[in-house]
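Given the coordinates of chain X, work out where chain P should sit on it, guided by the hints.
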Amino acid sequence: KNEVEQSPQNLTAQEGEFITINCSYSVGISALHWLQQHPGGGIVSLFMLSSGKKKHGRLIATINIQEKHSSLHITASHPRDSAVYICAVETSGSRLTFGEGTQLTVNP
Amino acid sequence: NAGVTQTPKFQVLKTGQSMTLQCAQDMNHNSMYWYRQDPGMGLRLIYYSASEGTTDKGEVPNGYNVSRLNKREFSLRLESAAPSQTSVYFCASSENRATGEQYFGPGTRLTVT
Numbered sequence: 001k002n003e004v005e006q007s008p009q010n011l012t013a014q015e016g017e018f019i020t021i022n023c024s025y026s027v028g029i030s031a032l033h034w035l036q037q038h039p040g041g042g043i044v045s046l047f048m049l050s051s052g053k054k055k056h057g058r059l060i061a062t063i064n065i066q067e068k069h070s071s072l073h074i075t076a077s078h079p080r081d082s083a084v085y086i087c088a089v090e091t092s093g094s095r096l097t098f099g100e101g102t103q104l105t106v107n108p
Numbered sequence: 001n002a003g004v005t006q007t008p009k010f011q012v013l014k015t016g017q018s019m020t021l022q023c024a025q026d027m028n029h030n031s032m033y034w035y036r037q038d039p040g041m042g043l044r045l046i047y048y049s050a051s052e053g054t055t056d057k058g059e060v061p062n063g064y065n066v067s068r069l070n071k072r073e074f075s076l077r078l079e080s081a082a083p084s085q086t087s088v089y090f091c092a093s094s095e096n097r098a099t100g101e102q103y104f105g106p107g108t109r110l111t112v113t
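Chains X and P are the protein sequences, given in the same order. Using the numbering used here, read the first sequence as starting at 1 and increasing by one per residue. Using the numbering used here, read the second sequence as starting at 1 and increasing by one per residue.
Bound-form chain X, shown alone (with noise of 0.2 Å):
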């Protein structure tokens, strides 16, 4: 079993919609990370969070440290969101596990 799973793998919408990506992890951490990776290849960094909630424009990152788990939340998606998302989890030392992605597609 991987330490990072993503859930769903795939997941496609229509524009406008309230989108979820789960992560859940199996370790200690001290630091969860949410990635954008282009269809191009290039990746972001998103957000960085060890507690609570963090929010950038459309984004919402939350994390749940008792339950070992964060979502990632993108209001009124559009096109252009239509990417890959990352969950990676730093554990002791800052070493960065990664998830598998979750392969997004929006339609408009």
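These are computed hints drawn from the structure, not numbers from a lab. Here a beta-carbon is modelled for each residue, glycine too, at the ideal position from N, C-alpha and C. Just so you know, not all the hints are guaranteed correct.
As the list claims (entries may be wrong) - Derived CB-CB ranges, DEER-like:
(1) Asn2/X with Glu95/P: 42 to 52 Å
(2) Ser84/P with His56/X: 33 to 43 Å
(3) Lys55/X with Pro106/P: 44 to 54 Å
(4) Ser18/P with Thr75/X: 48 to 58 Å
(5) Asp26/P with Glu15/X: 30 to 40 Å
(6) Ser67/P with His38/X: 22 to 32 Å
(7) Arg95/X with Ala2/P: 20 to 30 Å
(8) Ser84/P with Asn2/X: 13 to 23 Å
(9) Glu15/X with Ser80/P: 43 to 53 Å
(10) Ser50/X with Asp26/P: 26 to 36 Å
(11) Gln14/X with Gly63/P: 38 to 48 Å
(12) Arg95/X with Pro106/P: 19 to 29 Å
(13) Thr111/P with Phe18/X: 25 to 35 Å
Said to hold, decoys possible - Covered stretches of chain P (in silico footprint by chain X; criterion: 3 or more residues with CB under 8 Å from a CB of chain X, positions within the stretch not fixed):
(14) 36-42
(15) 101-107
Just chain P now, with coordinates in the frame of chain X:
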């Protein structure tokens, strides 16, 4: 600022050939990383450098060597390439290994035949 740059963008090698992937960052970051990304698997850490002059193995270091030339540059060398090293390689940097987001380069797509 260019952020994190990587060269080359694409490379094809024959089994047994050697090559060096170059990475540079202009953000004055202390920590730098090399990852590989394979289909169906998450990014995996090959080597990292917490600060200039130090390097440490990550999850999949076999077949690779690294060199932190100075604070800006962190290179990854394949001494004798194998087909199993066909992958997309990403370099990343962060201000501090204990905190902070990582900034990624555009990646190098390597094929070993």
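Which of the numbered hints above does this structure break?
-> Of the numbered hints given earlier, those the structure breaks are 1, 3 and 13, listed in rising order.
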